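Novice: All chains should be built: construct the whole structure from the sequences, respecting the hints.
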Amino acid sequence: MINNLGIDIKSLPTPCYIVDERLLVKNLEILDSIQKRTGCKILLAQKGFSMHSVYPLIGKYLAGVTSSSLFEARLGYEKMGKEVHIYAPAYIEEEFDEIMKYCDHIVFNSFHQWGKYKGKVKTATKKIGCGIRINPEYSELEHPIYDPCYKFSRLGVTLPNFKPEELEGIEGLHFHTMCEQNSDTLERTIKVVDEKFGRYIKDMKWLNFGGGHHITRPDYDIEALVRSINYFQDKYGIDVYLEPGEAVALNTGYLVAKVLDTVENGMNIAILDTSAACHMPDVLEMPYRPNIIGAGMPDENLVTYRLGGHTCLAGDIIGDYSFNQKLKPGDRLVFCDMAHYSMVKNNTFNGINLPAIALYSEKEGIKIIKQFGYEDFEGRLS
1 MINNLGIDIK SLPTPCYIVD ERLLVKNLEI LDSIQKRTGC KILLAQKGFS MHSVYPLIGK
61 YLAGVTSSSL FEARLGYEKM GKEVHIYAPA YIEEEFDEIM KYCDHIVFNS FHQWGKYKGK
121 VKTATKKIGC GIRINPEYSE LEHPIYDPCY KFSRLGVTLP NFKPEELEGI EGLHFHTMCE
181 QNSDTLERTI KVVDEKFGRY IKDMKWLNFG GGHHITRPDY DIEALVRSIN YFQDKYGIDV
241 YLEPGEAVAL NTGYLVAKVL DTVENGMNIA ILDTSAACHM PDVLEMPYRP NIIGAGMPDE
301 NLVTYRLGGH TCLAGDIIGD YSFNQKLKPG DRLVFCDMAH YSMVKNNTFN GINLPAIALY
361 SEKEGIKIIK QFGYEDFEGR LS
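Under the UniProt record's numbering, the sequence shown is numbered contiguously, ending at residue 382.
Please keep in mind that the hints were generated in silico from the structure rather than gathered at the bench.
Keep in mind the model is a prediction, meaning the values are calculated, not measured.
Among the hints, erroneous ones may be present.
[To be verified] Straight-line C-alpha distance at most 27 Å; calculated BS3-like pairs for lysine-lysine: (1) K47 <-> K205; (2) K235 <-> K163; (3) K120 <-> K82; (4) K26 <-> K345; (5) K82 <-> K363; (6) K370 <-> K258; (7) K60 <-> K26; (8) K82 <-> K367; (9) K126 <-> K60; (10) K127 <-> K116; (11) K205 <-> K41; (12) K36 <-> K258; (13) K47 <-> K235.
Specialist: The structure is reproduced here in structure tokens:
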């Protein structure tokens with residue numbers, strides 16, 4: 001059972017991502033409560049969670065989706081059917097007409113991009129709200145790979161490069177400076193944003209706070225978030241958008257894997273039918289150490305194992321974990337918090353198959369949404 005929640009993991013194929021609908025609804029209710037209290041609009045950032053089988057459920061709570069590409073925009077348009085926003089560092093010219101077909105809001109990374117496409121937007125068959133992404137050159141992140149305000153960042157317009165004379169047709173500004181952070185960081189960030197760009201915000205219809213807000217984390221200070229939203233709304237009379245991805249699916253899903261073999265080379269090693277490189281790349285990229293139900297830190301329990309994937313990559317290592325009994329082939333392990341990013345970032349390196357995708361609900365129990373096979377590997381490399 002998964003954490004005594006009544007989900008029978010033995011009935012699942014492995015490896016398999018499984019999302020608990022009850023936990024997803026809990027997160028959505030928290031997000032919706034902020035919308036109701038403040039009047040802001042919260043969007044699902046599809047870059048973090050694109051399990052579109054639950055888009056109709058998400059759409060009951062959130063205002064729509066935000067996208068980073070044509071395909072994400074189309075997915076949100078077709079599967080949720082609410083507001084569709086998009087931002088990209090640069091748009092591919094051949095795709096832009098189709099992007100306009102799906103999107104209600106388009107945010108540009110530079111005034112050059114805005115100048116290139118504003119003629120198309122103005123002659124579009126529907127109203128499209130356009131914005132400019134700004135870079136306040138302030139962030140509190142430790143990992144440069146996730147820091148949009150890192151030195152020489154290509155993301156957003158800095159104040160010295162801002163061109164107020166080219167704002168005609170622009171109705172909103174967008175900033176994204178955070179990653180997995182609490183609202184105290186946001187409070188400090190908005191002071192910088194207001195100080196640098198307030199003179200332009202006052203003429204806008206909306207301001208987008210971007211993503212990286214860990215709103216559904218147990219220790220998240222919701223009151224500080226509400227204050228930040230109300231600050232801009234009250235001062236400038238504008239609408240506020242937020243676009244979290246991780247907060248929507250945080251702690252709602254698992255990855256169930258099976259032990260294939262155990263070997264010894266100076267320590268106990270278990271080889272699994274899942275892979276850090278293929279199925280949870282943030283473990284290698286962040287780096288990130290997922291929790292495993294029933295396991296602890298090295299030497300915390302009776303026996304410690306290094307868990308590795310079944311690819312040929314020497315560094316395909318998930319981490320060192322301790323257990324209360326020895327692992328044996330066939331044992332199942334349940335990795336926590338695997339709904340966001342893991343699914344959207346996975347890959348078929350080495351021809352390793354993708355994990356199945358399942359959903360658990362009180363009404364239907366376990367439902368296998370998708371299983372993958374050779375055709376998925378062969379088709380993407382045609």
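Novice: Give a verdict on every hint.
Specialist: Here is how each hint holds up against the structure:
With a C-alpha separation of about 25 Å, the suggested pairing of K47 with K205 holds against the 27 Å cut-off. Proximity of K235 to K163 is assessed by CA-CA distance (about 23 Å); at most 27 Å being required, the pair is judged to hold. A threshold of 27 Å between alpha carbons decides the hint, and for K120 with K82 the separation of about 23 Å falls inside it, so the pair holds. Under the criterion of a C-alpha separation no larger than 27 Å, the hint pairing K26 with K345 is consistent with the structure, at around 24 Å.
Restraint check for K82 and K363: the C-alpha separation of about 26 Å stays at or below 27 Å, so the hint holds. For the hint pairing K370 with K258, the CA-to-CA distance comes to about 19 Å; that is within 27 Å, so the pair holds. Between the alpha carbons of K60 and K26 the distance comes to roughly 13 Å, so the proposed pair stays at or under 27 Å and holds. For the suggested pair K82 and K367, the alpha carbons sit about 26 Å apart, so the restraint of at most 27 Å is met.
In summary, the hint linking K126 to K60 is supported, as the alpha carbons are separated by about 24 Å, within the 27 Å threshold. The straight-line distance between the Cα atoms of K127 and K116 is roughly 18 Å, inside the 27 Å bound, and the hint therefore holds. For the given pair, K205 sits about 13 Å from K41 by alpha-carbon distance, which is consistent with the 27 Å threshold. The straight-line distance between the Cα atoms of K36 and K258 is roughly 43 Å, outside the 27 Å bound, and the hint therefore fails.
With a CA separation close to 31 Å, the supplied pair K47 and K235 exceeds the 27 Å bound.
In terms of the numbered hints stated before, the structure departs from hints 12 and 13, listed from lowest to highest.
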